[in-house]
Structure formats: C-alpha cells, structure tokens
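Trainee: Residue numbers (our numbering), protein chains in the order written: chain A, 1 to 163; chain B, 1001 to 1173; chain C, 2001 to 2823.
Note that these hints are calculated values from the structure, not bench results.
Bear in mind the structure is a predicted one, so any value in this text is a computation, not a measurement.
Incorrect hints may have been included.
[Said to hold, decoys possible] Among chain B residues calculated to face chain C with C-beta under 7 Å, some are:
no., residue
1, S1026
2, I1058
3, T1059
4, D1060
5, A1062
6, S1063
7, G1066
8, F1067
Just so it is clear, CB atoms sit at the ideal spot from N, CA and C, and this is done for glycine as well.
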Amino acid sequence: MLKGLLETLRSMTEKPVTIQYPEVKRPVRARFRGRHILRRYENGLERCIGCALCAAACPSDAIFVEAAENTDDERYSPGERYARVYEINMLRCIFCGFCEDACPTEAIVLTDNYELTFTDRHHSIYTKEMLLEPVPEGGKPTPQKVEPGVYTRAIPIMQDPTD
Amino acid sequence: MNTLRAKYADEIQAILAKYPPEHKRSAVMPLLYLAQREAGYVTVQAMAEIAEILEISITDVASIVGFYTLYYDQPHGRYHIQVCTDLPCALRGAEDFLKALCQALGVEVGQVTPDGLFVIEEVKCIGACHRAPVFQVQGDGEIVFHENQTLETALAVIEALRQKAQQEKEGTA
Amino acid sequence: MGKMVTLTIDGQVISVPQGMLIVDAAKKAGIDIPVFCYHPKMEPVGMCRMCLVEVGRPVIDRTTGQPILEADGTPKIQFGPKLETACTTPVSEGMVVRTQTQVVAEARRGIIEFLLTSHPLDCPICDKGGECPLQNLTMAYGPGESRFQYEDKMHLAKHVPLGELIYLDRERCILCGRCVRFQSNVADDPVIAFSQRGRALQIVTFSEPGFDSYFSGNTTDICPVGALTTADFRFGARPWEMIPTASICPHCPVGCNLTLNVRREAAAGGREVIKRVMPRQNEWVNEIWICDKGRFGYHYTESPERLRQPLVRKNGRLEPATWEEALAFAAEGLRERSGVVALAGGRLSNEDFFNLYQVVTARQGRAVLYSTMAGGDYVQRYGLSGDANLAGLGKGDAVLVVATDLHEEAPLWWLRVKQAAERGATLIVANARPTKLERYAAHVIRYAYSEVLEKVQSLLAGESPEAQALAKATNLVIFFGQEGLSLEASEALATMLARLLVQNGQAERPLSGLVAVWPHANTQGGWEIGFRPDPDLAHTLATAGAVWVAAADPAGDDPILAQALEKAGFVIVQDLFLTETARRADVVFPVQAFTEREGTWTSGERRVQRFYPAVPELENTRPDFMIVAQVADHLGIPLVGRSASRVFDELARALPAFAGLSYTRLAEVVEQWPLVGRGDLYYGGTVYENTQGLGVRLARMSAGAELSEWPAVEIAPAPADDALYLVPVVRLYDQGQTLVPSHLLQQRMARAALYLAPATAAQLGVQTGERVEVSAGEWAETLTVYVDANVPVKAGLVPRSTGVPLRQPLWVRAQRAVLEPQP
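Pulled out of the complex, with its shape left as it was, chain A reads as follows (with noise of 0.2 Å):
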C-alpha cells in the first residue's frame, strides 16, 4: 500500500500529460492522415478532374464521385472533364492514403486536420464544396469563364523525374 501511495505522490509532482484540448492542441507527427482537401491550381481552377480513381482505390468504398464535362465558358477545371460531385463519408474512411497515391493530379491530399465530429450520420457526408481549399490569391472562384483553347490538357505535363 505504502508502495502504491509513493507512486501517487511522484506523479503528483511530474508534469502533466494531458493538455487543455480544444484550447491546447498536440502537433500531430509529420505524415500524420487527416481530414482530406481537394486543391486547387493558383488561378482558382480545381485539380480534381472527376476521374473517379480515389473512389476506385478506396478500401472502404468512402468516395463518390460523379463526373461532367467542361466548357470553356463554365470551366471548373483543366481539361474536359470535372467532378460535378465529390463526395466522401467519413465515418467509412480509414484514413489509409490510398486516394491520395491514386490522384493523377494531386488534387486530393490528406491534412492533419483530425476534428469530425457530426452529431448526425448524414453530416459525416463531405461535399465538394466542404473539401474544397479556398481560391487562392488572385484566383478566381469556379466555374471560370477562360479564353478557348488554353486549359486543354487535364493532367499536368509531367515532367522526367530524373531530370
């Protein structure tokens, strides 16, 4: 018993583990997955061109995604197609990263935002207006209106990776 007590009275005067959490928040390990974002390009436009192949490497079946065609006059992102709707479940994702390595355009990237909480089932369902990063500066809000014929290619010219 004596022994028990000692032990309560050492960790009386160590510091404490806990943290004042919302207030305080711990930092989060560098490859840490969290709440994922679709980037955007610099000019405002979106990366995610609704190729659906996050949705197809998911594990857990968490994306959605509906796909549509650009015009120049109603361009949400380069190329033809976008996605007209993306969406993914939260409580059914497991964080594992694979949409991420799938991303053709690196438009989807896990945070380490790790705050979801919904007080309903439906809100663990993430829009494509939720997972959206805002504009940047000096870009513009899609849907764009562009000149014809600047944005046809929807994956970045990629470039020799051993150049």
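Place chains B and C on chain A using the hints.
Mentor: Positioned in the frame of chain A, the structure of chains B and C alone reads:
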C-alpha cells in the same frame, strides 16, 4: 444545284466516258482537278458535287483530297513558289534562303500572301542541286525555274509577277 | 462444314476449318493473340502489326510433293525469316505457330511503344479507361517506359464532334481503321474516312448531319482506344462502377439484346439510373451490333413526364387516387358493363398480353390489337422455325422484302439481309419507292402503291425472273411490312406470301418463312396470345361498354378514334405517360417501363426473349400484368399477378406454341462464335457476352389448317385524276412518345411533312418549304412540302408518328395552301 455539272457538262461527260459505268468512282481524280482548276482549290461544295456525280459519299471524296498533297482544300495563291531544301540545296544555303524569303514576304511556309498571289512551299528535290538555292514558280499553267538565287533576285522575280498580275487586273477593270 | 486443317499453336494441336485466320484459330484453342485493327466481324487489313507471330510451314519436297522429314520422323518445319501477322494469314496444313517466343514478345513491345509515341496519357479522364484494349495490352505486353521524348508527343484536338452523337479525340486515335471499315463494309454508310497521310492521318466526316449513320454508336464499341465516345455517355461513369443488366431493345420487332449499364447518380437524387446502353451478343438476332435508336433511345424511361399516381375520374376530372381506390373503381366500372374491349399495343410484354386476354375473355369481351397491319397468324404458321438463323442464308437461298423499308423500320434486319445478299443469297426488294436495301438486290420490283397486290400475285404465277428466282431458292425468307397498305390489304398480302411459300415447297423448311416487320417490339406476341387488329376500330370503340387500353394511344394518333373513345362507356388506360387517350379515361394506371420490371417479348422472328429489371421502379408504378391481375381479382377472376415468371408459366401451359418454355429455359445460353465480351476487349470490342439468355424461338403452329383464299381486296382506285395517295412511312427517329425524351436525337427526328415527287410538286405548283393542304372528306391537314425524287408520282409520303393523324393510306385532294395574312 450542281454548278460543276452545269458549267462543265461536256468535259465531265468526256471524263466519265473513260471509265466503265459500274466503276464511275474512278473518275474522282480528274474531276477533282477540274474542280481545283475552277476555284484554285477544292471547295467543300465541289466535293459534294463530285460525290453526287459519282454516287459516292462526300467523305470519300474529302478523304482523297486529303491524301494527295497536290489537291488543296484551302484557298491557295496564284503562284506557288516552291523552294527545294533537300540535302544538297541545304548545303548550298537553301534553308537560310527560304527563311529570308519568308521573312521578306511576311508569311510562313504554306501561307498565302495577303494579296492572295503567292504561296511559299518547301519541296523535295527539283533536280537542280548544283545551282541551289533554287526555286520554281508554278502558276498560270507553267513551271519556271529560277536557279542560283539570292534573296534580292528572288524578290525581283516575285515583284515582276506581282506587276504582271496588277496589269492584268487593271486591264480587265 | 468445309475441309478441316490441322495445325500446331504453341504446341497445341488443333483442327479448324480451312480458310480460318491464325488469330481466330488461336482464339478457338484458348490462346490470345493481341490485336488492335483486326475484328472478328470484319475483313482483316493487317494495319496495326500487333498480332505478329512466328509462323512455320512444313518443307515440301518439290519432286515428290511430300513433306521432308527430320531425322526423328517429324516433318521439317521452315520458319519465315520475319514474323507474320496472324490476322491476315490463313491456317494451312501442318503449320506451326509460336506466339510466346522472345522474338514475338519483343515485336509486341516495339509496336506498343510506337503506338504510345503520340497517344496521350490521359487514361484518368478517358471514357475507355478501364475497358481499353490499348491500356490492357500495354500492361500485358508493353514496355515500362518509352525511349521517345515526351516533348515530341503530338498534341491534337481532343474534342472533335463528328456530328452531335459521336465525338472524336484525335490524339487518342491509333488509326486502326476499325470505325472506317465498319462504316463502309458493315453499315455501308461510308460517312467517315481517313484524310491526310503519315503522321497527319486523321478521321474526318463530311456528311450532313455529321456521322450520318444509324449504326454510328457501334464504332465506339469497337474502337480499341477512347478516340470515339458517344455524346450520351461522355464522362457518365467509369466502366468498373456500373452494374450490367441484360435487357431487350423496346423499339422494333428485331429484339436486339442489350446490356443496360446502371449506376447510382447524385444528380438523380441518389437513384440508380441507366448510364449507357450496350449491345449484348446474340448471333441469332443482332450479332454484336445495335442501332443508334436502341442505344440512345432509352431516355423515355426516365422522363419526368412519367405517370406516378393512379388517376380516377371524379366529377368529370381526373384526380389522383390510391391504388386500392383506382383498382376498385376500375373493377366497378367493368362489373357494371358488358361488351368490354381490350385494346393493347405492341409495347406490352407477353405476360401483360396474356393476363389482359384472360380477363377480357372471362368477361366475354374482345381482345383487339392496336395495329394497322395483319399477318401475325400467318407468321405463326409460316414463320421461321427451330434454330434457324438469318446468318445461315447464302448461295441458293432467297430473301424477299415487300412493302417495307428495313433500314428505317428495323435496321438490324436490314444489316442481316444485306449480309445474306453479300453471302450470295438472291435478294428481291419490292416497294413503291427506292430504299437503301435495293443496292444489294438482285431484282427490284417497283409498283404503284395501288397495285402492290397484283404485283405480288404475279409472283405466284411463276413466269417473271423474280418469281423463278424465288421458286428455285432452297430457303426463302420473306420480310413484309405495311407501307401503303390498309389492314385488309396487308391481310391479303400476308396470305399471298404464305401461299408463295407453300407453292414453292419452302413452307416446311426451318430457314424459310414469313417475318412481319411490325411497328413495335411485341406485336407478334399479341398475335400469339390471341389479340387481333380490328378493321373498324372506331366503331368497335364507340359501341364498347368498356374499353381497356394498354400501351396504346389511339386518341393521340387519330381524332376519329378520340371521338369514338369518348362515346365508349368506361375507359381504363394503362400507360407510362398521360397520353391523349389517358386524358379521356375514367381510370389511369401508371405502369413500369421495361427497365424496371421483368418480362418477355416475342420478336418478329418469333424469338421469345427475357428482359430483366435494371433500375428500381418509379415509385407508385406497377407492371401491366400485375395491374390487370389486381383488377381481375376485384372481379373475382383469379389470375397470377405476383411475378412475371409465374404468369409466363401459366402462358406456357395455355398456349401450345409456348409449350415447355419457362424463364429458366429462356435464360439458357450456348457458346457463341466469335468469343466476345470477356476479358479480351481488344478482340470483339466492348459488347457484352451473353450470359443471361439467348431466348427461344416459338414452335411453328401446325400448318395443317388449310390456307384460305385471300380476301378479294380492292385498293380503292383514285377518286379523281388529281388525287394524291397519302402514305404513312416509317422513319427510324420519329416523334413517338418513347423517343422524344431522348433529346440527343432531336436534330435527326422526322418532322411532320409531305414528301412529293418533283412532278407532283410541279403539278401542284409548290416547292420545298411551301405548304399544301390535303383533305379527304372531313379530314384535312396542312403540311410542309419536301420535294424528293425518290417519291413515286401521285403519292405523298408522310412520316409516321410525327403528329399527322394518318394511320392508314388515304386518297386525298391536295392543293397549295394560301396562307392567310395574320391580322
């Protein structure tokens, strides 16, 4: 309304007569030349008319126009200035000559000058390698060779042709 | 079966018919030789070089003509110094083929590397990605990386509309020429072609409208890359996301086998919707092709105009009601009245027809088929039988096509008849006007509309060369339609044609018989079950105690029938839409579309085929057979109404022609050649393999019954010298309720118009675009004129289902319409 047939009824008949009636489509090449002679190039309208005459699809006619380099589906100049840039000519400075000529006329290879008179073409050997830079002018139904050219001499030739065309225009006006 | 040839492929000894190509022989042996340009349904060209293999042949001693033997007694095999294309080389005796050697692998790697020099790497956004031969073969045989500079890739136009239906991505095209060859050799619409040459080679179209062909969608199936895509599906879904369901095309009596690709769609409120319609192989029906009407014409099933609630007439107005209310109301209406007439259209399934027939006969009523064409009973007795396949027609056989334009009415039959003619069958086309099928005809019989029966009768006399060609044919297949014929005349025509088969001794042969070109998918099914058209429909309707209309819109088609319907005692309507007929009904039941339910249709060739539910039903709708059974239940008539398959079992018990059939039997398949739709998409294209049933042809009804004399039908002579014979003609894309919601086809849909011969137009003093008033008694219409050299003189052609109330041909007076200036 088939304008080609209306205008060249006899000539078309003569062309068709060369081929057995069940292989009428063989007449497509001479008819295309006829159409090209008429407008300087083969218009879509002419393709449709030829297709109608030969009872084949217009797409087939268009595909033949596309295949042969000497049928034009775009307006072309009256004079084709054809500069050879094959190896021997290139060694004698034909490439620089072509570039300079294009610059002087303000057009690129394959483009028509704004007055619609000249088009510059880059061609393969025209058999005068030892006298390069060399070009030939095709137009008005004849081919004229111009050898050992410099930019100045070439421009003089072109200017002469331009004068000639100008005079004709005034003469008819 | 011709001579067999034995050869060795990769050590496997196989025997195949002489003349078969190595690539097909290997396929038979289960060895896949990759191809791009070769397609089993088309002649080989050897353009892509993907199928290169090592070919060795036995060395023959020239003096003895015997093979030289090796020391161990086996024949000495000489391999060529270079590889050969397996798609252009026919097999020969003793040939040895190696497909798995290092040399072959290197050749394949090289070809793929070249193909990819300018092919964009945009698989993520490509509609073909996931079912792409180039993608698959690159993974299987291609190099890991290219030695070419990425910067040197050609960047070409990615969005080239070849018309409003098909888009071309020039960058993706690998110039295999499958589409060009399909259009010129199979569909015979050479409206796309190669232009330019070398690296600039590209696909072009100059037709008006662009890519003007009824078969254009098939090129997207056989395209081995994502170069050709349909406007209907573009970016609709990824191939792996969709669920395939077997179905049958609802648009014409051919009964093409389809596969509906279904996926949940957010834009449709999370419902499962049809994303695209693909062909499903059935070598007896549509091979691996479908027409564009079948491919793009399914949108009516998802139209917002669909009925979603039973309607009941209360105080003179149609009001929404519950099912229970509506069923009770309908039963009440029937119970009180005698003389019930069921008027059913050819869109109903066999099960619907059967249940409706049961109720109506139990109530001593009449079962009327909504059709202006007769002859279904002759098709029952003199139709094709057993396993007969139109593909079996060839040299020594004959095909007679009468009073129909197959290319417009049933494109796939057109295709198959054309192929029969190309195989050597004698094709005889009889029509009042030139049709596209005539290009392949050995004989063309041209007649004035009024003398069609005389012309056909003269075929029976056997003197003309046409009659002799028909008489000496081993097999004779007769397609007959109703162009320019009244119901009575078409009855006479069918009788004569049946007589022709009997007289020539062909009636008993399986691959001989009548095929009726009906306007709907299941009109033949109606005949089988006992529905018959009525020559005086207006009178029948007007005097009926109650009329039960299913899948027909008589009031919308003809004001006279609309008036008749208003006189009828009580009207029940089952339909997808609130048609003109439904507006006049006392009860309206909303039914399910073919995509939402199960059922069977009987094709014009009498093949019974199953369609399966692909999408969940529209809420509050029921299948026709169930509605009928539920109304019957209220009347105390016990009918099976729970499941289509049980209704079909009842039907099979009741009707001798259906004896022994069941849904299980209809779902049986056998292996078909060529093998398509499996993992090897590069071979046959993205057509689906048939695993859900080939259907069964109904047994031929005993021809024992004596063939009656045909009724002496006089086609009314012209009432006046300047009278015009107004003839409704079928256009593939009409303004029917089942096609209009497919907006994509709108530009190509027929409009209400009057097609006149130049001479007739000149007589009337009108030109294209001007208007003519045509009238007959009280009937009058003003129509826009199109002058067309293919129209016979003294006739005026009016496209069917374009809003002109003309169900049967009619003599009219025509005069130039003077437009009143608008006040």
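Trainee: Against each hint, give a clear statement of whether it holds in the structure.
Mentor: Verification of the hints:
no.	hint	result
1	S1026	violated, 16 Å
2	I1058	holds, 4 Å
3	T1059	holds, 5 Å
4	D1060	holds, 6 Å
5	A1062	holds, 5 Å
6	S1063	holds, 4 Å
7	G1066	holds, 3 Å
8	F1067	holds, 6 Å
The structure does not agree with numbered hint 1 stated previously, though it agrees with all others.
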